[in-house]
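All chains should be built: construct the whole structure from the sequences, respecting the hints.
Protein chains in written order, with the numbering used here: chain A, 1 to 278; chain B, 1 to 278.
Think of the hints as simulated: they come from the structure by calculation, not from any bench. Check before you lean on any hint, since a few could be wrong.
Put simply, identical chains are the same to the list, so a pair is met inside one copy or across any two.
What the hints assert, rightly or not - Think about it this way: if two alpha-carbon atoms lie no more than 27 Å apart in a straight line, the pair counts; the simulated DSSO-like pairs of lysine-lysine are:
1. Lys-169 to Lys-91
2. Lys-271 to Lys-245
3. Lys-172 to Lys-246
4. Lys-66 to Lys-175
5. Lys-148 to Lys-166
6. Lys-172 to Lys-257
7. Lys-175 to Lys-257
8. Lys-245 to Lys-166
9. Lys-91 to Lys-257
10. Lys-54 to Lys-91
11. Lys-172 to Lys-66
12. Lys-246 to Lys-166
13. Lys-91 to Lys-245
14. Lys-175 to Lys-148
15. Lys-148 to Lys-245
16. Lys-148 to Lys-69
17. Lys-66 to Lys-257
18. Lys-54 to Lys-245
19. Lys-169 to Lys-257
20. Lys-172 to Lys-60
21. Lys-144 to Lys-91
22. Lys-172 to Lys-69
23. Lys-66 to Lys-91
24. Lys-245 to Lys-66
There are 2 protein chains.
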Amino acid sequence: MEEKNNPKIIVPRRRFLTKAGTLAAGAALGAGALGLAGPFSSESEAKAQQALPKRPWAYKKLDPEKVRKDGYDIFHNGRDCMEGSFAAIIKSLAAEVGHPYTIIPCELAYYGGGGGMGWGTLCGSVNGSCAAMSLILGGHDNRKALRKAVNEIMGWYSTAPLPTGKTDKFGKYGKMVQSVAGTPLCHASVSNWCKESFFESHSPERSDRCARVTGDTAARAVEILNAISDNTFVAVYVPPASVSKKEGGCRSCHGRKGTLANSRGLMDCVKCHEPHEI
Amino acid sequence: MEEKNNPKIIVPRRRFLTKAGTLAAGAALGAGALGLAGPFSSESEAKAQQALPKRPWAYKKLDPEKVRKDGYDIFHNGRDCMEGSFAAIIKSLAAEVGHPYTIIPCELAYYGGGGGMGWGTLCGSVNGSCAAMSLILGGHDNRKALRKAVNEIMGWYSTAPLPTGKTDKFGKYGKMVQSVAGTPLCHASVSNWCKESFFESHSPERSDRCARVTGDTAARAVEILNAISDNTFVAVYVPPASVSKKEGGCRSCHGRKGTLANSRGLMDCVKCHEPHEI
Numbered sequence: 001m002e003e004k005n006n007p008k009i010i011v012p013r014r015r016f017l018t019k020a021g022t023l024a025a026g027a028a029l030g031a032g033a034l035g036l037a038g039p040f041s042s043e044s045e046a047k048a049q050q051a052l053p054k055r056p057w058a059y060k061k062l063d064p065e066k067v068r069k070d071g072y073d074i075f076h077n078g079r080d081c082m083e084g085s086f087a088a089i090i091k092s093l094a095a096e097v098g099h100p101y102t103i104i105p106c107e108l109a110y111y112g113g114g115g116g117m118g119w120g121t122l123c124g125s126v127n128g129s130c131a132a133m134s135l136i137l138g139g140h141d142n143r144k145a146l147r148k149a150v151n152e153i154m155g156w157y158s159t160a161p162l163p164t165g166k167t168d169k170f171g172k173y174g175k176m177v178q179s180v181a182g183t184p185l186c187h188a189s190v191s192n193w194c195k196e197s198f199f200e201s202h203s204p205e206r207s208d209r210c211a212r213v214t215g216d217t218a219a220r221a222v223e224i225l226n227a228i229s230d231n232t233f234v235a236v237y238v239p240p241a242s243v244s245k246k247e248g249g250c251r252s253c254h255g256r257k258g259t260l261a262n263s264r265g266l267m268d269c270v271k272c273h274e275p276h277e278i
Numbered sequence: 001m002e003e004k005n006n007p008k009i010i011v012p013r014r015r016f017l018t019k020a021g022t023l024a025a026g027a028a029l030g031a032g033a034l035g036l037a038g039p040f041s042s043e044s045e046a047k048a049q050q051a052l053p054k055r056p057w058a059y060k061k062l063d064p065e066k067v068r069k070d071g072y073d074i075f076h077n078g079r080d081c082m083e084g085s086f087a088a089i090i091k092s093l094a095a096e097v098g099h100p101y102t103i104i105p106c107e108l109a110y111y112g113g114g115g116g117m118g119w120g121t122l123c124g125s126v127n128g129s130c131a132a133m134s135l136i137l138g139g140h141d142n143r144k145a146l147r148k149a150v151n152e153i154m155g156w157y158s159t160a161p162l163p164t165g166k167t168d169k170f171g172k173y174g175k176m177v178q179s180v181a182g183t184p185l186c187h188a189s190v191s192n193w194c195k196e197s198f199f200e201s202h203s204p205e206r207s208d209r210c211a212r213v214t215g216d217t218a219a220r221a222v223e224i225l226n227a228i229s230d231n232t233f234v235a236v237y238v239p240p241a242s243v244s245k246k247e248g249g250c251r252s253c254h255g256r257k258g259t260l261a262n263s264r265g266l267m268d269c270v271k272c273h274e275p276h277e278i
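Pasting the structure below:
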């Protein structure tokens, strides 16, 4: 990948390495099993196909403190952060409301642990909370409310000292050091906490910290959902100056309708990029 | 948040800003609606509660080229990248296998578009593909296979020139410029492509590029799932030197059992951090 000569690019930028992944040959269509069963294990299962209920789905306001503890417990039950936060909310609704929350397979969220099986991308507790919000609010068909909810949980997670301290009473190690992630990314969140606490990134204390953050994030998601439900939701998160579209903000040039308009995102730019003169 | 004096921290590091989010007051438990309905809209719905089938679930090998086109189309149908990749796989299985894939509400994945409603975190096409993999493979109870699958799709996405070119025949703008994301993050993926192509980040061409990447990523996920199903899966992705645990790799110090052991993640470190002397 050669450097191109774009007259709009006026500041130096780091080049990304080019290392092409290899596409496996297209697999032929046919019967197979992922160490899994064949089509239907019983007639009754085949007959059990049914439509999901029409939107809007029922919602009952949940108790954030119950969800906080549930998220903590589910994490420690081996399900990690994404399934922890997702299941804490969905299983509470299954208990309070019933169908269709009873038929949501929470294992679909297991992959998100450690920012995607340890990759350190989006924190699983945020990813799982957002998935629950998307399911409950109805996704695309209620996207205005969903955008507000996702923006708030992403911003809260990026700026709040975590764990919140509301987990101290049931957490394994009593009161715990807090840190601020700066972004919704697992890598930054875990690394910052390790640097603040001096605990190692694979220590049992770090694991308990992430269990607490799982509960805290699911609880915050429930607070947001409850407020939307009550029509009392007010955004608290204030974006950093870097993502402002006003003059001096990175997005004033790099964002939509900017001079460069060559970027997308709402994470605080200066967490990974050095600020530069225009 | 003050700088702490950790004797293990031997190189300068950037401090993250401390801006505490405010926790909304805990919401009381009670009936409410997110612009949504009350508990049950009919007796029949209440009775429709049922258990999901026991694991393992059925799987049939899918045609990657069909899934590629489906992902592209679902994206352009307003569902964006995460629901696009998730639904391309799940709805194909619903057609090929039936229950329980017929009752998976794909709107749970809508939030992931643009790396989480535009936040630019984990690319939605990866997020949705991983969610589908987690659901199909069974999450925690089949975590060894899931880890391989997620690692492969994360690595492939980070290093492959995208879009692959297999979408040129149905994409709106014919043959398209490729770029390499370097990480599984939407922000880097979109920004790199804009810099290569000179198209703006909110242009219709960029949108079509992301629709193609949605199809490409779902297709790659299906290739991986098919190979796992056939017991022929071989990892192709080779991690970059930075994440190596061998001497000189960042994780040899920052990762598990390293001198610092203060970090977590598998994204290429030097995409955001400057390399430094030890």
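Going through the hints against the structure:
1. With identical chains, the CA atoms of Lys-169 and Lys-91 are at most 27 Å apart within one copy only, with a shortest distance of 23 Å there and 44 Å across copies.
2. In the homo-oligomer, the alpha carbons of Lys-271 and Lys-245 lie at most 27 Å apart both inside one protomer (18 Å) and across protomers (25 Å), since each shortest distance falls under that limit.
3. Neither within a single protomer nor between protomers do Lys-172 and Lys-246 lie at most 27 Å apart by alpha-carbon distance, with minima of 45 Å and 33 Å respectively.
4. For the identical chains of this complex, Lys-66 and Lys-175 are intra-copy neighbours only, at 19 Å inside a copy versus 53 Å across copies, given an alpha-carbon limit of 27 Å.
5. In this assembly of identical chains, the alpha carbons of Lys-148 and Lys-166 lie at most 27 Å apart only when taken from the same copy (25 Å versus 36 Å across copies).
6. For a Cα distance limit of 27 Å, the shortest separation of Lys-172 from Lys-257 across copies, 23 Å, qualifies, whereas the shortest one inside one copy, 50 Å, does not.
7. When the C-alpha separation of Lys-175 and Lys-257 is checked against a cutoff of 27 Å, the pair qualifies only between copies, where the shortest distance is 25 Å, while the shortest distance within a copy is 47 Å.
8. For the identical chains of this complex, Lys-245 and Lys-166 are neighbours neither inside a copy (35 Å) nor across copies (36 Å), given an alpha-carbon limit of 27 Å.
9. When the C-alpha separation of Lys-91 and Lys-257 is checked against a cutoff of 27 Å, the pair qualifies neither within a copy, at 43 Å, nor between copies, at 36 Å.
10. In the homo-oligomer, the alpha carbons of Lys-54 and Lys-91 lie at most 27 Å apart both inside one protomer (20 Å) and across protomers (18 Å), since each shortest distance falls under that limit.
11. In this assembly of identical chains, the alpha carbons of Lys-172 and Lys-66 lie at most 27 Å apart only when taken from the same copy (17 Å versus 49 Å across copies).
12. When the C-alpha separation of Lys-246 and Lys-166 is checked against a cutoff of 27 Å, the pair qualifies neither within a copy, at 37 Å, nor between copies, at 40 Å.
13. When the C-alpha separation of Lys-91 and Lys-245 is checked against a cutoff of 27 Å, the pair qualifies neither within a copy, at 40 Å, nor between copies, at 39 Å.
14. For the identical chains of this complex, Lys-175 and Lys-148 are neighbours neither inside a copy (32 Å) nor across copies (36 Å), given an alpha-carbon limit of 27 Å.
15. For the homomeric pair Lys-148 and Lys-245, the shortest alpha-carbon distance inside one copy (18 Å) is at most 27 Å, but the shortest distance between copies (41 Å) is not.
16. When the C-alpha separation of Lys-148 and Lys-69 is checked against a cutoff of 27 Å, the pair qualifies only within one copy, where the shortest distance is 25 Å, while the shortest distance between copies is 31 Å.
17. In this homomeric assembly, Lys-66 and Lys-257 never come within 27 Å of each other (Cα to Cα): the closest approach is 45 Å inside a single copy and 36 Å across copies.
18. In this assembly of identical chains, Lys-54 and Lys-245 lie within 27 Å of each other by CA distance neither inside one copy nor across copies; the values are 39 Å within and 51 Å between.
19. Proximity of Lys-169 to Lys-257 under the C-alpha cut-off of 27 Å is found in neither arrangement, the shortest distances being 49 Å within a copy and 30 Å between copies.
20. Taking the shortest Cα distances, Lys-172 and Lys-60 never come within 27 Å of each other, neither inside one copy (31 Å) nor across copies (44 Å).
21. For the identical chains of this complex, Lys-144 and Lys-91 are neighbours both inside a copy (25 Å) and across copies (25 Å), given an alpha-carbon limit of 27 Å.
22. For a Cα distance limit of 27 Å, the shortest separation of Lys-172 from Lys-69 inside one copy, 12 Å, qualifies, whereas the shortest one across copies, 49 Å, does not.
23. Taking identical chains as interchangeable, the C-alpha atoms of Lys-66 and Lys-91 lie at most 27 Å apart only when both belong to the same chain, with a minimum of 11 Å there against 34 Å between chains.
24. Neither within a single protomer nor between protomers do Lys-245 and Lys-66 lie at most 27 Å apart by alpha-carbon distance, with minima of 39 Å and 40 Å respectively.
Figure legend: structure checked against the earlier numbered hints; hints not met, in rising order: 3, 8, 9, 12, 13, 14, 17, 18, 19, 20, 24.
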